[in-house]
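With the hints as extra help, turn the sequences into a complete structure.
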Amino acid sequence: MTTPAGTLAHRTVFSVPDAATLLDTVRWVSGAWLSRKYPRTAVQLGTGQHALDDSSLLSSQAAYDETGAECAARIQLREDKPEATWRTTVTAVRSTEGTGAVCLDLECFPNTGQPLRPGKPKLVRDLVGELEPRDGLSRLSVNALRVTRDQVDRLVDVLCDPDREMPAVVAARPVRPDPLWSDRVSQTMRQIAGDASSYLLWDLEAVDALRAALGDDHRVGPGAVRTFLPGVDPGWQPDAARHRLLGPARWTDPSDSAWHGVARRVHALALERPLPASLASLTFPDRTAEQHRQERRETIDKARLLTSVPAQGTGQHDEELRAEVTLLNGLLEQADKELSELGRTVELADRTNDSLQTQVRAVIGERDAEIEEHLITLDELQKARAEADRLRLVLLRQGRSEEVAEALVSVPGIPSSFDELWERLAEFEHLTVTADRRVALGLDEHRLARTWAGKCWTALSSLDSYAAAAKGGFNGGFHAFCLHPPTGAKPYPIKQVAMTESIPTMEKYGRERLFPVPGGDLVEMQAHLKIGGGGVAPRVYFLDDVKGLQGETAGRLVVGYVGPHLTNMQTN
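Under numbering that gives the first Met the number 0, residue 571 is the last one in the sequence shown; the count climbs by one each step, no gaps.
Hints are supplied without guarantee of correctness; some may be wrong.
[To be verified] Mimicking SDA-like on lysine to any residue, the simulated pairs with C-alpha atoms at most 25 angstroms apart in a straight line are:
1. Lys-80 x Gly-97
2. Lys-382 x Gly-471
3. Lys-36 x Gln-75
[Said to hold, decoys possible] Cβ-Cβ distance ranges computed for the label pairs, FRET-style:
4. Gln-113 x Arg-446: 22 to 30 angstroms
5. Asp-238 x Thr-98: 26 to 34 angstroms
6. Asp-238 x Arg-138: 22 to 30 angstroms
7. Ser-256 x Arg-138: 49 to 57 angstroms
8. Gln-113 x Asn-352: 17 to 25 angstroms
9. Gln-525 x Thr-98: 55 to 63 angstroms
10. Gln-186 x Ala-479: 16 to 24 angstroms
11. Arg-241 x Pro-515: 29 to 37 angstroms
12. Ser-254 x Thr-20: 44 to 52 angstroms
13. Ala-211 x Arg-510: 50 to 58 angstroms
14. Pro-411 x Val-174: 25 to 33 angstroms
For the record, the hints were derived by calculation from the structure and aren't laboratory data. Where is the CB? At the ideal position from N, CA and C, for every residue including glycine.
In structure tokens, the structure reads:
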């Protein structure tokens, strides 16, 4: 993944049911990881700060309960590199009940404008392998846990467990062995270790048993992988759309990279999870700094006493003064280093705070945009219901009740993902879609993917309705169609229709708006529909040549782009 807007690039948080040796285990696993990173340095994990090289500083802290027993530990590695400052922090806490929790954060503070790709620290897998953490009934593991027919009931309990807080990723082996499938699934399961539980349906009997237990809507067919979010409800069909299913073809096609999205989505969800109270309220006393301050106070007091006592012998007194001056200079150097380190810590804290404030503003903006979109949707829904009720009443008065009943049964639902949307493009008989499928399907990785897919379906339905009306004699363009829709039309909210881009945007970023059309040429498309807001802000770009008479696009409405917001003067 590329560097996120915030400084927190990765977070893993998990619970450990038996924390008797938690702190010792975290220390030696972290020490082994550090020794591999710094093979020429003797890594010390005692309380305090330890320089591992010229640009790497290791800090170790401990906290104690009322009885004096150690209850928490924190190990932090800061690496000041030319491209960025990287900070890896492992925190472990043990409760009086004997349970524990572990948090591993990777922070990235870029020093340049170049995009960075922070990876998940390998230390996470090391900790998961040694600690065997839990998420409700599920056990977190480095590799997927094998599930046979006899173990399916246990898996169902895990999926429906109300105490589960993390995703559970379930894969089903394909009917025929496929090395690419196995390699990709294995990589994915290792990448999500600590952030989700993972399971592998071992044979067709297990696949059939899970399908019988959960139903067709929540099934995981051979070769497929489904990410079950918390709160699975097998008895409610709409719930299935929450748990993204990636079919076997997406895993076995060498040119398809959608499988990377499974781990990316799990990692994004991990970043959104709040810290448990035991970690959120944890504080560590800075015992090393306090010890240094005490040493400085004692030395200064001794120096004052020395200067206040009359000298007994000049030579001896001078010797004592020189010794005290040397000691004081050493303490001043130590204090200077501590102040410099404190300044660096404050600087990183300020950058973290700035990134958090930016994220808060973005969330507020997304919330306001979603509220506005929901109000527009409710208004359109009310209008559609009123029109449907009126038409239903007309049909009933004409004695055509069978048609009314048939219409209610045959109305198809909106797609719950862009993957499903792409499979149903043939339903738009008046549209020609040349948009890059991979870009569109990339939207499925985001939290609002279901909402965007439904909104995109509505947008394409509106374009299809307009194209049909234009071929049937409607004289205006798409904007007029939405502003004054003919009877039976499917207009798109006029506030979310833009027929042109600004001149400065086209002058600077016009090349981004060249999209393919039938025949292989690239054609400029400025008209677009707004699908969502926020940082991704999906858009649908199209070319209206329905009334055209010449060229490859004549008589067509071409959809050339479905994907994230393109660059404009505001985004830059």
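Cross-check of the supplied hints:
| no. | hint | in the structure |
| --- | --- | --- |
| 1 | Lys-80 x Gly-97 | 39 angstroms, violated |
| 2 | Lys-382 x Gly-471 | 24 angstroms, holds |
| 3 | Lys-36 x Gln-75 | 14 angstroms, holds |
| 4 | Gln-113 x Arg-446: 22 to 30 angstroms | 27 angstroms, holds |
| 5 | Asp-238 x Thr-98: 26 to 34 angstroms | 31 angstroms, holds |
| 6 | Asp-238 x Arg-138: 22 to 30 angstroms | 24 angstroms, holds |
| 7 | Ser-256 x Arg-138: 49 to 57 angstroms | 30 angstroms, violated |
| 8 | Gln-113 x Asn-352: 17 to 25 angstroms | 23 angstroms, holds |
| 9 | Gln-525 x Thr-98: 55 to 63 angstroms | 58 angstroms, holds |
| 10 | Gln-186 x Ala-479: 16 to 24 angstroms | 51 angstroms, violated |
| 11 | Arg-241 x Pro-515: 29 to 37 angstroms | 34 angstroms, holds |
| 12 | Ser-254 x Thr-20: 44 to 52 angstroms | 48 angstroms, holds |
| 13 | Ala-211 x Arg-510: 50 to 58 angstroms | 54 angstroms, holds |
| 14 | Pro-411 x Val-174: 25 to 33 angstroms | 30 angstroms, holds |
The structure does not agree with the numbered hints 1, 7, 10 stated previously, though it agrees with the rest.
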